[in-house]
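These protein sequence lines map, in sequence, to chains A and B.
By the working numbering, the letter at position 210 of the first sequence is numbered 210, and the numbering carries on one by one without gaps.
By the working numbering, the letter at position 384 of the second sequence is numbered 693, and the numbering carries on one by one without gaps.
None of these hints come from the bench; they were simulated from the model.
Among these hints, one or two may not hold up.
[Said to hold, decoys possible] No farther apart than 20 Å at their CA atoms in a straight line, the calculated lysine to aspartate or glutamate pairs in the EDC-like style are these:
1. A/LYS225 with A/ASP257
2. A/LYS101 with A/ASP157
3. B/LYS413 with B/GLU697
4. A/LYS259 with A/GLU271
5. A/LYS101 with B/GLU697
6. A/LYS101 with A/GLU71
7. A/LYS259 with A/ASP58
8. A/LYS225 with B/GLU676
9. A/LYS283 with B/GLU563
Just so it is clear, the structure is predicted and the values come from calculations on it, not from any experiment.
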Amino acid sequence: MRVFIHLVLFMAALTAAAPRPAAAAVRVVATTEDLASLAREVGGDRVTVVALARGYQDPHFVDPKPSFILEVSRADLLIVVGRELEIGWLSPLINSSRNAKIHPGANGYLDASANVRILEIPTGQITRAMGDVHPQGNPHYWLDPGNGRRIAQTIKDKLNQLLPGDRSYFDQRYADFDRRLAAAESRWDATMAPYKGTKIVTYHRSWPNFMERFGLNVIGYVEPKPGIPPTTSHTVQLIEEMKRQNAKVIVVEPYFDLKTPRAIAKQVGGEVLVLAPSVGGSKEATDYFGLFDYNVNMTVAALKRAAGK
Amino acid sequence: MQSIRLVPIFLLSAGFAAAPATSFAQTPEPQALRQEIDQLRADFETLRQQYSDRLSALEARLASLSEGTPAPSTPPAPAAAVGTSKVFNPDISVIGNLVGAAGKNPLSDQAPLSLTEIETALQAVVDPYARADFFLSAGSEGLEVEEGYITFTSLPAGVLLKAGKMRAQFGRVNTMHTHVLPWADRPLVSRNLFGGDEGVRDAGISVSKLIPNRLMFVDAIGEVYRGDSDVFHSESRSKLSYLGRIRGYRDLSEGSNIDLGVSYAHGPSAALAGFNARRIGVDATFRYRPLRRAIYRQFVGRTEIIWSRQDAPAGLQEDASGFYASADYQFARRWFVGARADRSGRPLEGPLHDSGGSLSLTFRPSEFSIVRGQYRRTQYAEGIDANELLFQFNFAIGAHSAHPF
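With the rest of the complex left out, here is chain A (with noise of 0.2 Å):
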């Protein structure tokens, strides 16, 4: 037992000869890059943001890396995009973070999810037969800047919390942020106002927030069920489907495999479009405002061609 305790007391001394600096900003981890952009939005200089998940990587598959314990360890507010999106690798760098200020319930954790739009909430009995269904309902809810702009907002109603004494500034910050998202906004609506109704085609379910803001219509999924790899029967409906409904362009995220959507693009004389589910997935998407853009217009690039074909 002594040993034990030389053990605590040496961990003791190893707490007491490294003091933390005292940290003027709030240190804000997100788990991906969307909601890193709404923070720096909102939070300003009196922020430092940091965002766990890349944009082009599969967020439901991210290694729950060391380095992202240090990272969360020091945070004194984590936003989550909630909704079981982070389920695979979240909790085990809570779990280690030994930061009580960032557990679900505890005044540093924000489900971004808490007042956005969710779609696709099932009903009735589901089994993981369905695929990798999520019980919450669809998690990409980021993809309507509708909702971008709730998150904001309860960014901002967190921090004011978290700094009472900045509480204009952000109030201040998140009003310019809303204005500059509403200009934005009807400019995306009339650039993709004319393909209104336009059937498409998507490789996994993370688009339907932005195919209903945009009001694109999705016919179907290169997917045969959430999260299973394409089947060839499937991929044999799907381009009938396409065929029968005059779908041509099939977007796909950055992280899969494009030789099935290029093959079913063959076949319906379409073509593939990957466009970037966060920011960061692709390099001009370098923030919220910036991911509309590049979607928006590549969208509409893609269409005008399908339309011209």
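Given chain A's structure and the hints, the job is docking chain B onto it.
Same frame as chain A, now just chain B:
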């Protein structure tokens, strides 16, 4: 909400039920009756107003409370009749592991087919300061507690404290549950020198602390155990077994990293009663997983070296050592190949060495199941060569657990 809404309705109906009874019990004077009705009406109106006010106040409070917490996606199920809530039930998952073996191995008693383990995991947060994890394992030897511990997650000074029965944090393989191993078996070195087929798991206390520095992630772990495993065994309260581990981790790039560890364990020997045993371990893991293709490609190289020293009568010491080195490569979304080289001494027969190697092919239909085939060749010190084909079916139901790393 539903039950709160029902309260005023219930009171109103109770009032109506009571009203005629009271009126009939008294003299049926029309004037008095009217007055009474008017009085009742006024009373109901006040009551209604009061409840309506209280309801809106409650609703406002609820709305403010729900800010910051996710709104429930589906209406909560009605509370059970006994009034207990299922919300606080732990996350439950059950994992089955069926292992089969073919080929000759006179030194192994492995059955041709056996459901080696059914692991039930029960995990939940205890209170704002701790969480608890229980892993109950039903195997050929009956039901036992594989692990069951509390983790204090909110201690000051960046300390993580675990207490209960745990897998000893010695090296990498010993900390892994059977279903997250990249193989159908455990390497020779862990079977010979560190706890047999199950590994070392014991009742004890574990303290871990992150050591802040600019270079890398460093975690220092100190553990004390009762001494009840294949390696350490103690009948006395004053003789415990101790374990120390330092783990360092560093990202080499966004898709590759290196994980290094040194472990030391010391305690009363299980093999030779009355004498001490020691183990020193060094482990290294290199991972490569390009982020853009993370679901299709992955490489993990692992190695672990263990030295064993066993005290013996007359001041003698018996030393043994062993290692494994393995490489696993994911070449398609659901397919993995792997190879492993094994060599290990035996704790009481140091000069004798067993060696071997394995090749494996793994198919993962989904995150929740694994089908694996493994060819294993073992050359025992006795001069016996065994060529075996192992196969494994591993499947999980219930709560989605975190991906192993």
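Self-check item: Non-conforming hints, listed in increasing numerical order
Solution: Violated: hint 5 alone.
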